[in-house]
Amino acid sequence: MPFYFLIEFLRIVRINISFKGNFSIGLNCLCERGENFCCIILVFQQQKMYNVFKLDNGLRVVVENIDYVNSVSIGIWVKSGSRNEEKYNNGISHFIEHMFFKGTSNRTALEIAECIENVGGQMNAFTGKEATCFYAKVLDSHLDLAVDVLADMLFNSKFLSEDIEKEKGVIIEEINMSEDLPEDVLSDLHSRAMWGEDSISLPILGNIDTVKSFDRKQLLEYVDSHYIPENSVISIAGNVNLKKVEELIDKYFKNWSGENKIITQYSFPKFLNNHLSREKNIEQLHLSLGIQGVKSGSDDIYPLLLLNNIYGGGASSILFQKIREEKGLCYSIYSYVASFNNNGVVAVYTGLNAKYVYDVIERIKDELELFSKTGVASDKLRKSKEQLKGSYILGMESISSRMFNNGKSLLFTNKLNTPEDIIKKIDSIDIDTISRVMKNTFCGGIVNSAFVGDNVDLELVRNLLDKEIKPFPDSRKTLL
1 MPFYFLIEFL RIVRINISFK GNFSIGLNCL CERGENFCCI ILVFQQQKMY
51 NVFKLDNGLR VVVENIDYVN SVSIGIWVKS GSRNEEKYNN GISHFIEHMF
101 FKGTSNRTAL EIAECIENVG GQMNAFTGKE ATCFYAKVLD SHLDLAVDVL
151 ADMLFNSKFL SEDIEKEKGV IIEEINMSED LPEDVLSDLH SRAMWGEDSI
201 SLPILGNIDT VKSFDRKQLL EYVDSHYIPE NSVISIAGNV NLKKVEELID
251 KYFKNWSGEN KIITQYSFPK FLNNHLSREK NIEQLHLSLG IQGVKSGSDD
301 IYPLLLLNNI YGGGASSILF QKIREEKGLC YSIYSYVASF NNNGVVAVYT
351 GLNAKYVYDV IERIKDELEL FSKTGVASDK LRKSKEQLKG SYILGMESIS
401 SRMFNNGKSL LFTNKLNTPE DIIKKIDSID IDTISRVMKN TFCGGIVNSA
451 FVGDNVDLEL VRNLLDKEIK PFPDSRKTLL
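To convert, note that position 128 of the sequence shown is 128 in our numbering; the numbers rise steadily by one, no gaps.
Hints should not be assumed to be uniformly reliable.
[What the hints assert, rightly or not] Derived DSBU-like pairs: lysine-lysine, alpha-carbon spacing no greater than 30 Å straight-line:
1. K254 x K425
2. K261 x K295
3. K251 x K261
4. K408 x K425
5. K322 x K383
Hint data in this document are derived by calculation from the structure and do not stem from the laboratory.
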């Protein structure tokens, strides 16, 4: 056996067994060179690829060891987003996210940024409807620095009144910038149409009135009650030593506790039959149509993702081919799946000339009805499963994607799905599963919608949807 074939074989063996946990393998291989033989004995000592543990204070930690990279990604996830808020404090989760970068008792705002950037790393944060995440990516040799900086931000941020007042201006400009992006306006409007008065409909940024109302006492009280270990997960992915990770987590987070604890529990929002519109002086009409989806953590999420890919998930999808390629009625058209605790949606988006809106909605409805009736043939099912697996595997080649995937999964479902688990779930999808999920989602048709644009003939659209379309005001400066 040529030596390079042996090395390649060993590399493949190592990859294939790296999910199996702790192991010690001896491989005896003969390498022939003319009349001479040499015996190569290799022993691999490998730690488990996935490790999940919990501190005494309730903080959950997931570590994915990827020993063939030179970097590590770490994220602190807190189950606190706009869905945890009320109308009077809408936007507070996002505001707090900003304030964690404004200086601690140990570092100025500039020093926070420099600590990570000076070693070639990256640091950022985001707020969603159900969570906030602070994360960093650094070389594996700088993991201790990343943990130190993130913990410093979480526990020692000053929340100075002058910084709070300054940040109000920053976030108000962020709200104004979002108002100039029709897709952002549409997303908030459609959330309102889908979920009505439930807190899941609240915009992540809040509005100008609520942002102006925040003060230091209010922000710190919210942090004390929501930023608690029981509501949080630390996710780490990359080239790490588990023992060192455990020592770092214990050092920085074992004393974390929260006063006036609020353990997050979400409502069961109804998927409402509402249709809303916003007048906006822009070139195109932007519309979003809502179809019943599934909740996060549901086993039906993978069959639904597969169905969505066929219907509107890419350039080969039904919507793209029938409406853009064959008819030329729009430039952008696609559908996507959004899942939340206790409910979800499949949304169809397109931006187009307002004069085509009647024709496009009619075609979207026709294709939806045809898709719901004909279902998915076995050959198409096989191809779509390969597409979904390929897309997932490519996405997991980033260690940051792995960190996000593990953190979100553990935070919301309290379990971890390895790539092997997910591939098995996709492979197990059969025609009966597809038919059942189709019946519970796509077969229900368009349930709600939102429109943003200028001079929209709402009467035409109303007749097509057979529902009243209610005008909705600019919500930037008013409490909803």
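Can the restraint linking K254 and K425 be considered satisfied, given a maximum Cα separation of 30 Å?
-> 36 Å, violated
Quickly compare the C-alpha distance for K251 and K261 to 30 Å and report which way the hint goes.
-> 23 Å, holds
Straight-line alpha-carbon gap K261 to K295, limit 30 Å | Holds: K261 and K295 sit about 26 Å apart, inside 30 Å.
Sort out whether K425 lies within 30 Å of K408, counting only the CA atoms.
-> 18 Å, holds
Does K383 lie within 30 Å of K322 when you go C-alpha to C-alpha?
-> Holds, at about 20 Å.
In summary, the one numbered hint that this structure violates is 1.
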